[in-house]
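Visitor: In terms of numbering that gives the first Met the number 0, the sequence shown has 2 at position 3, counting the first letter as 1, and numbering is strictly consecutive.
Where hints are given, some of them may not hold.
Simulated restraints, written as ranges between beta carbons of each label pair [what the hints assert, rightly or not]: (1) Val92 with Gly25: 18 to 24 Å; (2) His31 with Val92: 20 to 26 Å; (3) Glu76 with Ser24: 19 to 25 Å.
List time: in silico EDC-like cross-link candidates among lysine to aspartate or glutamate, alpha-carbon distance up to 20 Å [to be verified]: (4) Lys83 with Asp108; (5) Lys116 with Glu34; (6) Lys55 with Glu34; (7) Lys42 with Glu76; (8) Lys55 with Glu93; (9) Lys116 with Glu93; (10) Lys83 with Glu41; (11) Lys87 with Glu34.
No lab work stands behind these hints, which were simulated from the structure alone.
Since the model is a prediction, treat every value here as computed from it, not as a measurement.
Heads up, the beta-carbon is just placed ideally off N, CA and C, and yes, glycines get one too.
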Amino acid sequence: MIQSYDSCPHALEETSALIGYAGLSGISRTNHSGEYFIFIGEKAFWGRGVGTAVTKQIVDIGFTHHQLNRIMLTVSESNTGGLKAYAKAGFVVEGRLRQACYRQGLFHDKIVMSVLKAEWQPQHAAVGQTRRAS
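Could you build all of it, start to finish, from the sequences and the hints given here?
Guide: Structure representation (structure tokens):
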């Protein structure tokens, strides 16, 4: 896996089969911020909590290992599963980018969401402890 100064990609595996990827990109050491991304290509894993669990783990890595203060993401307004998973992981809506993406002949809005370290730590303190213990 190639890692650069401004990104932190991770493969998602289930019983040794690649099902997607997730990570942080655009990591700014100056602003202590980064952008979260995830793709789960195997539809059999949609709606099963995988996205929420992976999101929590990557966000925890961003706050603990990379010393970030803010992690943001953008998601299509039509991705209701993603919106739910991100909200469960602690992200809040910051705004809307109108007609920011074009798919299947139509323009769609993108929703901007973020989570701050101060919001994350009280709610998810056990995530990092569990991850480090295993």
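Visitor: Hints first: check each against the structure and report whether it holds.
Guide: Here is how each hint holds up against the structure:
1. Val92 with Gly25: 18 to 24 Å: With Cβ atoms ~19 Å apart, the hint holds.
2. His31 with Val92: 20 to 26 Å: holds (21 Å)
3. Glu76 with Ser24: 19 to 25 Å: Between Glu76 and Ser24, where Cβ atoms are some 21 Å apart, the hint holds.
4. Lys83 with Asp108: holds (17 Å)
5. Lys116 with Glu34: It holds: about 14 Å lies between the C-alpha atoms, which stays within 20 Å.
6. Lys55 with Glu34: holds (14 Å)
7. Lys42 with Glu76: Holds - the C-alpha atoms of Glu76 and Lys42 are around 19 Å apart, at most 20 Å.
8. Lys55 with Glu93: holds (19 Å)
9. Lys116 with Glu93: holds (16 Å)
10. Lys83 with Glu41: Holds, because 18 Å separates the two Cα atoms, which is no more than 20 Å.
11. Lys87 with Glu34: holds (17 Å)
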